[in-house]
Amino acid sequence: MNRSTGFAFIAPLLVLMVVAFNLPIIYMLGLAFWDKGRGFTLEHYEGLLEAPVYLRVLGNTLRISLIATIANVAIGYPLAHWMRGLGRRARLIAIALVVLPFWVSILVRTYAWIVVLGNGGLVNRSLQWLGLTDAPVQFLYNELGVTIGMANVLLPFLVLPLFAAMIRIDDRLLQAAASLGAPPRTIFWKVYFPLTLPALAAGTLLVFILCLGFYVTPAVLGGGRVPMISNLLDTLINQIPRWEQASAISTILLIVALVIFAGYRRLDRKASA
Amino acid sequence: MSDIRLEGVSKRYGAVAAADEVDLAVAQGEFVTILGPSGSGKTTLLSLIAGLNRPTAGRIFIGGRDVTDAPAQQRNIGLVFQSYALFPHMTVLENVLFPLGVRGIGGAAARTQALDALKLVRLDGLQDRRPSQLSGGQQQRVALARSIVFKPDILLLDEPLGALDRKLREELQVELKQLQRSLGVTTLLVTHDQEEALSLSDRIMVLDKGRTQQVAAPAEAYLRPANRFVAEFLGIANFVGLADGRTGLVRPERVRVGPTGINGGRPARVVETIYLGQMVRYHLALQGGEDSPVVAALPFVGKAFAAGDEVAVSWDTADIWPVP
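Taken in order, these protein sequences are the chains called F and S. With the first letter of the first sequence counted as 1, position 245 gets the number 245 in the numbering used here; the numbers rise by one all the way through. All you need for the numbering used here is the position in the second sequence, starting with 1, plus 1000.
Keep in mind that the hints were calculated from the coordinates and are not lab data. Positions of the beta carbon are idealized from the N, C-alpha and C atoms, including for glycine. Just so you know, not all the hints are guaranteed correct.
[As the list claims (entries may be wrong)] Here are the computed distance ranges between Cβ atoms for each label pair: (1) F:D171 to S:S1135: 22 to 30 angstroms; (2) F:F9 to S:S1132: 37 to 45 angstroms; (3) F:F7 to S:D1124: 50 to 58 angstroms; (4) F:P184 to S:D1124: 52 to 60 angstroms; (5) S:D1202 to F:P194: 38 to 46 angstroms; (6) S:G1125 to F:R269: 38 to 46 angstroms; (7) F:D171 to S:E1007: 43 to 51 angstroms; (8) F:P194 to S:R1012: 32 to 40 angstroms; (9) S:R1012 to F:A257: 41 to 49 angstroms; (10) S:R1166 to F:R269: 33 to 41 angstroms; (11) S:E1007 to F:A90: 53 to 61 angstroms.
[Unchecked claim] Here are the simulated DSSO-like pairs of lysine-lysine, each with C-alpha atoms no more than 27 angstroms apart in a straight line: (12) F:K190 to S:K1119; (13) F:K190 to S:K1151; (14) S:K1209 to S:K1119.
Let the hints inform the model, and build the full structure from the sequences given.
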């Protein structure tokens, strides 16, 4: 089959993609540059800079994403490492437990956190029963709750690629390092960790990008008090409505995500090489 | 430089013994090969000496020191794996510098030492490459350089040439032997390749099912094997019935093959003629007897018997080794 008939086969799909997905996005992004009366304008971007609320939400989003990502790494790396050391069957069970949340709706998982973290929830009742606190700790409807929820939802995205990289490391490399006289700490930092670094970096960036656009978890666990960009967009589109402003913010978010994604691609290529 | 001594070393996994009360003494500077089929426990034995594994019974001494319970890090052993086990994220030089670094040797002194080791294995000039950019033979040399650069007490080689093609393997065998002799380092090599064992070692230890079968010099083990297993594992074995009811071993090189009726040998028919370059091998069926087929290997001098030829086969009684 030559190139042109091949193209004929995918043409319908291509048209669907362009019409149904790409045009709306381009239209959406273009909105910010267009004013009904005066044509091309950068006014909406200027508006973003003038109203500090937008930049504050952007900064807020970046900060919460960063914290959630760090929490993910702090939990995910030891978890993946621990899974590597398990026996065949235990490893399978561990993977299933990590992947299981994927099969449950994100909405269900997020509401489950309310049951766990609420004032009369599991965690608070345990803390009080242990006598660690007198009054319930406020986990929900603040940044702490949002961070916990996001870290949970995104954990598999970090653990799975990291685990895949870790089981690819030949045990004999570690044995060789030991026989060459390296103490366990040196083996970890000079041999094991560097070999997992590309996968760790790629996974970290992936999680960070996903954090940036998170909507459900901040909306539910933040209770409207922890504004992130997606929630702001929701307000600008569904409530106020100021589509031009939303478009400008989306563009900035897209650029930030693309820049990070470019970094992710480079690292991912290095990890699979 | 140290000697190695194993005293009743066993390693059991449940009911299975990968090593079963093995005794072995390797003298300082000696080159000993542990030879056995896969599953004979030879690699287990090596990992016990290297400290990657703990024996369930017995003691291990290196240089007179009891290292049975010492971790691998404290044994000062150069270990080379069949898979090379080079660190893929480091250059050749960084790989060789690694054991020096963990010993607190750095800077120009370490660099000189590492480059010297690379020169010794004829890899000078390739120090900035990554392992993935090298051929199998070159990677094996890097592994070797890395395991000798810190002047280990003993050198352990686990099928070091197993992954290489035949020609390269033979080249590296010669190099390995020369290197070992010039360093004078006590060396223990593990292989399933009997040719490699015979050509490299001062002594061979034949292992089967975790048990020592024989420890002897190569020629001794080849011509005077301690039992049938060793006789068959070390090469082609012709077994002949002896007058006292025992079984005798005749190696193919000791079998004479000639035209019928000249030297009064037993009549036989050539079943198969195999050219091996400088040698020719005959598979022969002896006539008028229950005896098993005989294999003969003769120098090839331009003319050979063909399959189907009637020949006379003989050997000297002095060349028969009664297998214990």
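| said: Output the indices of the hints that this structure fails to meet, ascending. | reply: 4, 6, 7, 9, 11, 14
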